[in-house]
Structure formats: C-alpha cells, structure tokens
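Engineer: Listed here are the chains, written in short residue letters.
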Amino acid sequence: MSPGHYIALSAILFTIGGLGVLVRRNAIVVFMCVELMLNATNLAFVTFARMHGRLDGQIIAFFVMVVAAAEVVVGLAIIMTIFRTRRSSSVDDANLLKY
Amino acid sequence: MTALVAPGSTAVPAGAAVLAARVADAQPGEAFLFWVLAAVSVCAALGMIFMRKAVHSALLLAAVMLSLAALYAVQDAPFLAFVQVIVYTGAVLMLFLFVLMLVGVSSTDSLVETIRGQRLWGTVAALGFLVLLVAGLGNASLGDSAGLKQANAEGNVVGLARLLFTKYVFAFEATSALLITAALGAMVLAHRERTAPKKTQKDLSVARFKSGDHPGPLPGPGTYARHNAVDMPALLPDGTPSELSVNPVIAAREGTAHMHSDLHGETEQQALEHDVEAVRAATARGAGAAAEGRAVVRSGGVSEGEGDR
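For the protein sequence lines, the chains are A and B, in the order given. Just so we're aligned: 50 in full-length UniProt numbering is position 50 of the first sequence, and the numbers increase by one with no gaps anywhere. Just so we're aligned: 246 in full-length UniProt numbering is position 246 of the second sequence, and the numbers increase by one with no gaps anywhere.
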C-alpha cells in the first residue's frame, strides 16, 4: 500500500469529522467529531513517519494523543458545567456571549 | 498523481531506490487489512455523524478508533496502536460515556435549525474541503514509503524513547505541565460550592409535617376473610372503601369501591348471611378434607406399624 492510500483515508475521516462538527448540535457529539479529526491527523502522522523512515511522526502523534486526552478532560468538564446551569447539552443554548 | 522528480537525479537510480524501498517496506496482507479497515472506519465515522442517539455515536467512534489502532499496528507503530486502544478507546471514550450518562442518555439533537440551511451548507463546505484536500494530495509527490525497519531496529518503543528523551524532552516536560493543568481545571470546573447547608434528618421531618400532606405511611389495602389482595381497598369505620389504601395506578384501572359489593351486599343483614353461609361451606369442606386426610394418615400409619413388626 502506498502512503497515498493512508493519507486519502485520513483526509476522508478528517472531512467526516468536520462535517459532524458543522452539522451536529449536541455538544458531546461535536466533541466526539473533534476527536475523530484528531485521530485522522494521527493516521497521517504515522503514515508520514513510515514514508520518511523516521520515528518523529510517531512522536508527534503521541503528543497529539496526550493533548487530546487533556482537552477531553477539560472540555467534558465544561460541558458538564454548562449542562448543570442550563439543563441542556445543545450548543445552541450556550449563546450568552453572542450579544 | 504527478511525481515531481528532483532535477539532479536520473531515472534509473530513483527507480532502484523506489524498488528497494518497496521491498524493505513490505507488510504481509497489508492491502486486504487496509481495505477492510478503511471501509469499516469510514462507515463507522459516517454512522457516528448520522446516528441520532449520542451513545450510538460514541460506540461507533470506538469502532473507528479500534480500526485506526489496527492501521497503526500495520504501519510499524505498535506502541501507538496500544496507546490508541488503551488511552483513546479505554479512557477517553469511557469518559465520554460517563458524561453521556450524567447528561442523559436520551438527549437527542433538536431538528430545529437555528441558522437556516445550516445542514445543507455544512455538507457543501465539507465536500468542498474534501475536494480541496484530494486536489492537494493529487499534486503532492508522496512517492513510496521508506519503511521503518531501520528506525525500529532496536524495537519501536526503544526508538520512540530515544527520540522522546533527547530531541523532544522539552515538549515532553511541557506535556506534564499540561496534564497537571488539565486535571486541576477539571477539578475546579466539576466542583460545586454548597450554597445551602446540608439538610439534616430533623429538617426533613419538619418539612414533611409542614407541607400539610399525610405525614405517615398511607393505610394498607384491605385484608378480609375471602380477599387479601393489594387491589382491595380497606374499609373505613363507616363502611366506605378508602381510596387512599390502594395504589393510584390500580385505583385508576377499575372502580375499586365496586369490589366491596359482595362484602357488604344489599343490606348489612344480607352481607352477614352471605358471610355466614360462606364460612359454613368452607368449614364443611375443610372438615371433609381433614377427615379424608386423617383416614389416609391412619392407614399409612398402620401399614408402617405392620412393617415394623
């Protein structure tokens, strides 16, 4: 398999994740779509590491995973806090900063 | 795909290098695995977007992540494959599921569009982005992969550790600060200050009596000579059935008061006669049964006694 195949799969997954972020309203599902996008980039990093024959790409993927884990923890805590005050996890209801 | 060949290189060595790389990078059964996992992950990702329930989305995301872990393993990244399974599928998705259970499993998206045509334009934008990405990829010369045989000579974990603790050691240390900050942030966000003092048992009791409702347990259902079921209301001192004694669900089903018509009959005297008759009949039946039982016991006892001798 050439790297192009993996990169194409990564691009498709990234686009699907972006579509989910644009279309879905449930904050948790939006968050899951962001995770999907991060995973797609990780696949691209791993593929590039193999393509160049160096492990730097895998290190970057590792760091992406660490940052994603931290981001999930804080993001889900924020979603919980918003849910506690508004009784809703829809992104449309958190519009206090809009005006 | 147009390959951009560097000006200095001639065609023959480049071809030899590509061939050598292909031989060095060969993975048995990779094509089959790739197509199966690609189909699974793309279908699961699409399903994740279009499922209405968030729990289904989370489970499909787990499928995507597991297939990506397998793809990492195929691509000479066993450490990342395990980290993907343990950290992403194990920890992050469990966190997602916890929050989903706290927020409410049944929470589904509202179908009202706040921005008109958001779905349509979102899809158009995503398709445009995909076209952009594919066009960019088509223009890039990705070439063949060099393979990680050399870099993984000591083992993937050792190779990663060498890089992580030399070249990327500052990034690694910064990661620890990030993780501590994230943990503290989650604690601060999840912490809720108690605005009112906690209610003691005494407060709860006072509140129960203040509300003016029935403070104690409700009366139990009736138990009579011929009826003892939860759908028989208890009788009040004046003979009327008490609706409070029956579960409201059962009370709503049928007129429960009607059930007492055979108990108190047309008049009190008739009801009394009914009951006396019923008791007599029951006693007679019981006496007959008891006599039979004694007869059986006696014959059995005799036979046993004979056997003893």
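It cannot be assumed that every hint is accurate.
[What the hints assert, rightly or not] Short, incomplete list of chain B residues facing chain A, as computed with Cβ under 7 angstroms: (1) PHE32; (2) PHE34; (3) LEU163; (4) ALA186.
[Said to hold, decoys possible] Stretch-level coverage of chain A by chain B, calculated; a stretch enters the list once three of its residues show a Cβ under 8 angstroms from a Cβ in chain B: (5) 8-18; (6) 21-35; (7) 42-48; (8) 61-71.
Note that these hints are calculated values from the structure, not bench results. The model shown is predicted, which means the values in this text are computed figures rather than measured ones. Note that the Cβ used here is the ideal one computed from N, Cα and C, for glycine as well.
Engineer: Against each hint, give a clear statement of whether it holds in the structure.
Structural biologist: Right, here's what the structure says about each hint:
no.	hint	in the structure
1	PHE32	violated, 10 angstroms
2	PHE34	holds, 5 angstroms
3	LEU163	holds, 5 angstroms
4	ALA186	holds, 4 angstroms
5	8-18	holds (count 10)
6	21-35	holds (count 11)
7	42-48	holds (count 4)
8	61-71	holds (count 10)
Of the hints listed earlier, the one the structure fails to meet is number 1.
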